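Asks: With the hints as constraints, model all of the structure from the sequences given.
Residue numbers (this note's numbering), protein chains in the order written: chain A, 5 to 379; chain B, 2 to 246.
Be a bit skeptical, because a hint or two may be false.
Claimed, not checked - Just a few of them, taken from the derived set where beta-carbon distance is under 8 Å, the chain A residues facing chain B: (1) E154; (2) T183; (3) L226; (4) L229; (5) P248; (6) F249; (7) G274; (8) K276; (9) E309; (10) N314; (11) G315; (12) R316; (13) G342; (14) E369; (15) E372; (16) S373.
Rather than coming from a laboratory, the hints here were simulated on the basis of the structure.
Computed from a prediction, not measured in an experiment: that's the story for all the values here.
Even glycine gets a Cβ: it sits at the ideal position worked out from N, Cα and C.
Residue strings, one per chain:
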Amino acid sequence: MTNDALPKQPTYYEEVERKGYSRRDFMKFVSLMTAFIGLENTAIGQVAKALETKPRLPVIWLHFQECTCCSESFIRSSHPIVADILLDKISLDYTETLMAASGTQAEAALKNTMTKYKGQYILCVEGSVPTAADGVYCMIGGKTSMQILEEAAEGAAAIIAWGSCASNGCVQAAKPNPTSATPIHKLVKGKPIIKVPGCPPIGEVMAGVIVHYLTFGRIPELDRLGRPKAFYSKRVHDSCYRRPFYDAGLFVETFDDENAKKGYCLYKVGCKGPSTYNACGVMKWNNGTSYPIQSGHPCIGCSEENYWDNGRLYERASHFAGFGIEANADTLGKVALGVTAAALAGHAIATNIGKSKLIHEHQAEGRESEHELEQ
Amino acid sequence: MANKYLHIHRLRRVYVWELPVRFYHWLNALVIVVLIVTGFYIANPLALLSKQEASTQYTMGWFRYLHFAAAYLFFFNFLFRLYWGFVGNKYANWKQFIPTSQRFFKEMWTVFKIDILMLKKNGQPQDHLSVGHNAMAGFIYFLTFIAFLVQCLTGFGLYSSMASWWFPKLFAWVPALLGGDILTRQLHHWAMWFFILFAVIHVYLVFYHDYVEGRGEISSMGGGWKFIEEEVFEQHKHHTPNPEK
Ligand code: HEM
Ligand code: HEM
Ligand code: SF4
Numbered sequence: 005m006t007n008d009a010l011p012k013q014p015t016y017y018e019e020v021e022r023k024g025y026s027r028r029d030f031m032k033f034v035s036l037m038t039a040f041i042g043l044e045n046t047a048i049g050q051v052a053k054a055l056e057t058k059p060r061l062p063v064i065w066l067h068f069q070e071c072t073c074c075s076e077s078f079i080r081s082s083h084p085i086v087a088d089i090l091l092d093k094i095s096l097d098y099t100e101t102l103m104a105a106s107g108t109q110a111e112a113a114l115k116n117t118m119t120k121y122k123g124q125y126i127l128c129v130e131g132s133v134p135t136a137a138d139g140v141y142c143m144i145g146g147k148t149s150m151q152i153l154e155e156a157a158e159g160a161a162a163i164i165a166w167g168s169c170a171s172n173g174c175v176q177a178a179k180p181n182p183t184s185a186t187p188i189h190k191l192v193k194g195k196p197i198i199k200v201p202g203c204p205p206i207g208e209v210m211a212g213v214i215v216h217y218l219t220f221g222r223i224p225e226l227d228r229l230g231r232p233k234a235f236y237s238k239r240v241h242d243s244c245y246r247r248p249f250y251d252a253g254l255f256v257e258t259f260d261d262e263n264a265k266k267g268y269c270l271y272k273v274g275c276k277g278p279s280t281y282n283a284c285g286v287m288k289w290n291n292g293t294s295y296p297i298q299s300g301h302p303c304i305g306c307s308e309e310n311y312w313d314n315g316r317l318y319e320r321a322s323h324f325a326g327f328g329i330e331a332n333a334d335t336l337g338k339v340a341l342g343v344t345a346a347a348l349a350g351h352a353i354a355t356n357i358g359k360s361k362l363i364h365e366h367q368a369e370g371r372e373s374e375h376e377l378e379q
Numbered sequence: 002m003a004n005k006y007l008h009i010h011r012l013r014r015v016y017v018w019e020l021p022v023r024f025y026h027w028l029n030a031l032v033i034v035v036l037i038v039t040g041f042y043i044a045n046p047l048a049l050l051s052k053q054e055a056s057t058q059y060t061m062g063w064f065r066y067l068h069f070a071a072a073y074l075f076f077f078n079f080l081f082r083l084y085w086g087f088v089g090n091k092y093a094n095w096k097q098f099i100p101t102s103q104r105f106f107k108e109m110w111t112v113f114k115i116d117i118l119m120l121k122k123n124g125q126p127q128d129h130l131s132v133g134h135n136a137m138a139g140f141i142y143f144l145t146f147i148a149f150l151v152q153c154l155t156g157f158g159l160y161s162s163m164a165s166w167w168f169p170k171l172f173a174w175v176p177a178l179l180g181g182d183i184l185t186r187q188l189h190h191w192a193m194w195f196f197i198l199f200a201v202i203h204v205y206l207v208f209y210h211d212y213v214e215g216r217g218e219i220s221s222m223g224g225g226w227k228f229i230e231e232e233v234f235e236q237h238k239h240h241t242p243n244p245e246k
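Replies: Written out as structure tokens, the structure is:
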């Protein structure tokens, strides 16, 4: 903790070797990552070179209001090098959940990285920041998460908002959001912020974002909502293997029906795949084993903003509270239609009474003309 | 008989809805019905049973295809109507829709008194002349056009991520602004109810006007004509010569 000069950092490849991985393992990892971040295979060399020559990236990984599912997902990424090297090495600087140090030592490590690598380190944030009651809902080492974030963001080269909490608030920010849980991009201005939403995000996606930054020294291309395009430009629905059933109009009606056994599309039991941008259908989870839809569960849209408040998980229609009973848009619509029909019927009756004179005159006039005509 | 009071009117034929307006109207009505039906199906498809492989049918696919095809027609037809609001006759002009003057609000109030409250004057039911839209109707169509816009924005916004053509992609900012497709889709669904309610009230009112005014309201969207009583016509006539002659 005392040396002020920048210590010579080992490169990733040196770490890979030190951990006993073969060159072959390393190249497999590189090819995987290159594919994940959406590069052509000609870029494999570029990625390998970056990992061979660039010193490891100093990373601070903060945990605020979260459940650590993002970290869990990350260490279960399909390739062991992800956990072993990327996480082991990057988390070395500071991450409450996985670092060995604790208490004052940990705080000192954080401070150390922040001053030594000012302007160079990546700040990863897992969790949202509560802003209500001056931020007392989440305090670490006597500081509010807001203070910690501000200090750490100050010298960061870029910020990665891991998971839905940091990207859009997730469940803590669901109505009525008692702690005023706030996502990172609403608190930090003037820094490049990468949102990697998902509850949790896919481990390979997380690794891919870091590898991209390592290789190119800049953040990956983002979409309009600030998510890396390589992973969030397609809907789950677009890569879903049940899609042919959707197109054919064959749906699971209830979870225990014949259609569910046949593996039909889960649209009618609330699947949010058609509105959810993520790579689950392609990358899958737990070493590419499966993903929710493959195990018969509809997508709940966990990487979409406000998915907790935007309707129920197992229904397609969204509901309005406060109409006596909870009603969905179509029930309200039908009631409005009924009221309208009644009002129009009332109006029709009122017309015949109120304007009877006018109407009778027209009719008399018309009848008269009818009589006067020859045929 | 009340025949001695009977006054037989002479009617003047007025060309109100030009062919492009009529064409727009019926195409619009048709595609909106298609969009509502297919929209309902997309929102809540029927529980089909099939003994066949999924690959032999494309039910949902066809409904969506119809929805998108109708959506394009709807959009360009709408654009065309906006254009016609600048080049068409006075009854098609955009000024008929947007309250820009005191007179507009006054007329809305008059229409409200006559057609909704059914107030009488000296014990007589009142009549009101509106050759084109009355001010109230015009204003409702203005709101309708805003609903068209909302539906096009949310619809093409949702469509932008499935499309390969650049045009729908221009709308990608809509879901981004609303924070994602889930809410965009819900708005799109809720807005549909405006169209349903509008269509019901609109068709009723068209019949109502036809019935109490006797000026050929319903058929006006067919042939373009309305028929105005000679004396009413004279009251509203202005005497500047027709520039087209
Ligand atoms: C039986 C069916 C229908 C009839 C007889 C009918 C007739 C008419 C008539 C006579 C007008 C002009 C009168 C006025 O301005 O108040 C009109 C205008 C209009 N109608 Fe309909 N309509 C029908 C169905 C629909 C439907 C289903 C829609 C769409 C939901 C629709 C949308 C409109 C719109 C937007 C206008 C304004 C026209 C303009 O751009 O100037 N109509 N309709
Ligand atoms: C009168 C106009 C329209 C009505 C009433 C209407 C109605 C609907 C409804 C009810 C849905 C189902 C929403 C749900 O899942 O709850 C829907 C879906 C959709 N509509 Fe429309 N719509 C209209 C116009 C448009 C337009 C102009 C577009 C432009 C392309 C469009 C594109 C879409 C798309 C992309 C979907 C989602 C389909 C899917 O993901 O499978 N709609 N519409
Ligand atoms: S299961 Fe969900 S994501 Fe898959 S096709 Fe059906 S609606 Fe789309």
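Asks: Indicate, hint by hint, whether the structure satisfies it.
Replies: Quick rundown of the hints versus the structure:
A hinted interface residue such as E154/A counts as satisfied when its beta carbon comes closer than 8 Å to some beta carbon of chain B; here the least separation is about 25 Å, so the hint is violated. Restraint check, T183/A versus chain B: the minimum CB separation of about 20 Å is more than 8 Å; hint violated. Look at L226/A: its Cβ only gets to about 11 Å from chain B, farther than 8 Å, so that hint breaks. Interface hint status for L229/A: upheld, as the beta-carbon distance to the closest one in chain B is roughly 6 Å, under 8 Å.
Restraint check, P248/A versus chain B: the minimum CB separation of about 5 Å is within 8 Å; hint holds. A least Cβ separation of about 5 Å between F249/A and chain B falls short of the 8 Å threshold, and the interface hint therefore holds. Annotation: interface hint on G274/A violated; nearest CB of chain B at approximately 11 Å, more than 8 Å. Hint status for K276/A: holds, given a least beta-carbon distance of 6 Å to chain B, under 8 Å.
Interface restraint check: E309/A against chain B, minimum CB-CB distance 4 Å, threshold 8 Å, status holds. Restraint check, N314/A versus chain B: the minimum CB separation of about 4 Å is within 8 Å; hint holds. For G315/A, the shortest C-beta to C-beta distance to chain B is roughly 7 Å, which falls under 8 Å, so the interface hint holds. A hinted interface residue such as R316/A counts as satisfied when its beta carbon comes closer than 8 Å to some beta carbon of chain B; here the least separation is about 11 Å, so the hint is violated.
Given hint, G342/A at the interface with chain B, is violated; its Cβ is 11 Å from that chain's nearest Cβ, farther than 8 Å. For E369/A, the suggested interface contact is upheld, since its CB lies about 6 Å from the closest CB of chain B, less than 8 Å. Contact between E372/A and chain B, as hinted, is supported at the beta carbon level, the nearest pair being about 6 Å apart and thus within 8 Å. For S373/A, the suggested interface contact is upheld, since its CB lies about 7 Å from the closest CB of chain B, less than 8 Å.
Hint compliance for this structure: hints 1, 2, 3, 7, 12, 13 are not met, and every other hint is.
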